[in-house]
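In our numbering, the protein residues as written are -18 to 183.
Treat the hints as calculated values from the structure; they're not laboratory data.
You may find that some hints are simply not true.
As the list claims (entries may be wrong) - The calculated lysine-lysine pairs, modelled on PhoX-like cross-linking and capped at a C-alpha distance of 20 Å, are:
| hint | residue 1 | residue 2 |
| --- | --- | --- |
| 1 | K85 | K161 |
| 2 | K141 | K85 |
| 3 | K123 | K110 |
| 4 | K161 | K110 |
| 5 | K110 | K141 |
| 6 | K141 | K161 |
| 7 | K122 | K110 |
Unchecked claim - If you anchor each label on the Cβ, the simulated ranges turn out as follows:
| hint | residue 1 | residue 2 | range |
| --- | --- | --- | --- |
| 8 | A30 | R118 | 44 to 50 Å |
| 9 | E147 | K123 | 35 to 41 Å |
| 10 | G162 | R45 | 32 to 38 Å |
| 11 | L19 | H107 | 42 to 48 Å |
The model shown is predicted, which means the values in this text are computed figures rather than measured ones.
Where is the CB? At the ideal position from N, CA and C, for every residue including glycine.
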Amino acid sequence: MSQPSIGQRIHTQLPPSSVEGAIQALENTALLSGSDVLSVSIMRNTIYAKLEEYCDVLSISPERVLQSLEDIRGHESPVQFYSEQRLPEICDAYTWPTAEEFRKCLSEGGSAPTYLCPNCNQESDHESKCTAQITDRHGVKKNCGWILNPTSDILRNSIKILIQAEFLNNLQIHHLFRPKGVALPQRVCFDEFGEDLEDDGC
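Produce the entire structure from the sequences given, and follow the hints as far as they go.
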């Protein structure tokens, strides 16, 4: 078997504790496949940064994180996969262990949850498409209809949700309007102004 082929599934060839060895093998694979030194260096820095972030948020070992990422990567180029575009930021997401616990949190009040639309700041019955009635400048009532785009998750009244049991299977982050009256869990990181984001409630 050629060296690049071994590198495609490198975590199966190295001891679980050998994170540094696995990363070095990924670098070698990237170089052998034609990636330039700068791209490989950026990839290496991204891997270490994401391992630290994901370990902090998910409370699991770097070995397990890297192996899970390799399972997802499959035969994709290491340089393309281990990038900021491919691996989402999660330290600013609200985290629940399972989807069931998240749904339970939403229904704790005994009724269907309502959400605050980032566009009109009114209550919506839907988590990402506003169902609120608003009045336009002519005094005519109409549906807001604003739809949340994942790129707009920094807007007021929109949040990122991470399900721990699922994330390392699909790298999926859920974007939704802020649920009204729901106590949100702590987040790991700080916002861009250095303000603590923990204990953020509705």
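Outcome of the hint check:
1. K85 x K161: Within the cut-off at roughly 14 Å; holds.
2. K141 x K85: holds (17 Å)
3. K123 x K110: Holds: K123 and K110 sit about 14 Å apart, inside 20 Å.
4. K161 x K110: Distance of about 15 Å is within 20 Å: holds.
5. K110 x K141: The given pair, whose Cα atoms are some 15 Å apart, holds under the 20 Å limit.
6. K141 x K161: holds (15 Å)
7. K122 x K110: holds (17 Å)
8. A30 x R118: 44 to 50 Å: holds (47 Å)
9. E147 x K123: 35 to 41 Å: holds (37 Å)
10. G162 x R45: 32 to 38 Å: With Cβ atoms ~36 Å apart, the hint holds.
11. L19 x H107: 42 to 48 Å: Holds, at about 45 Å.
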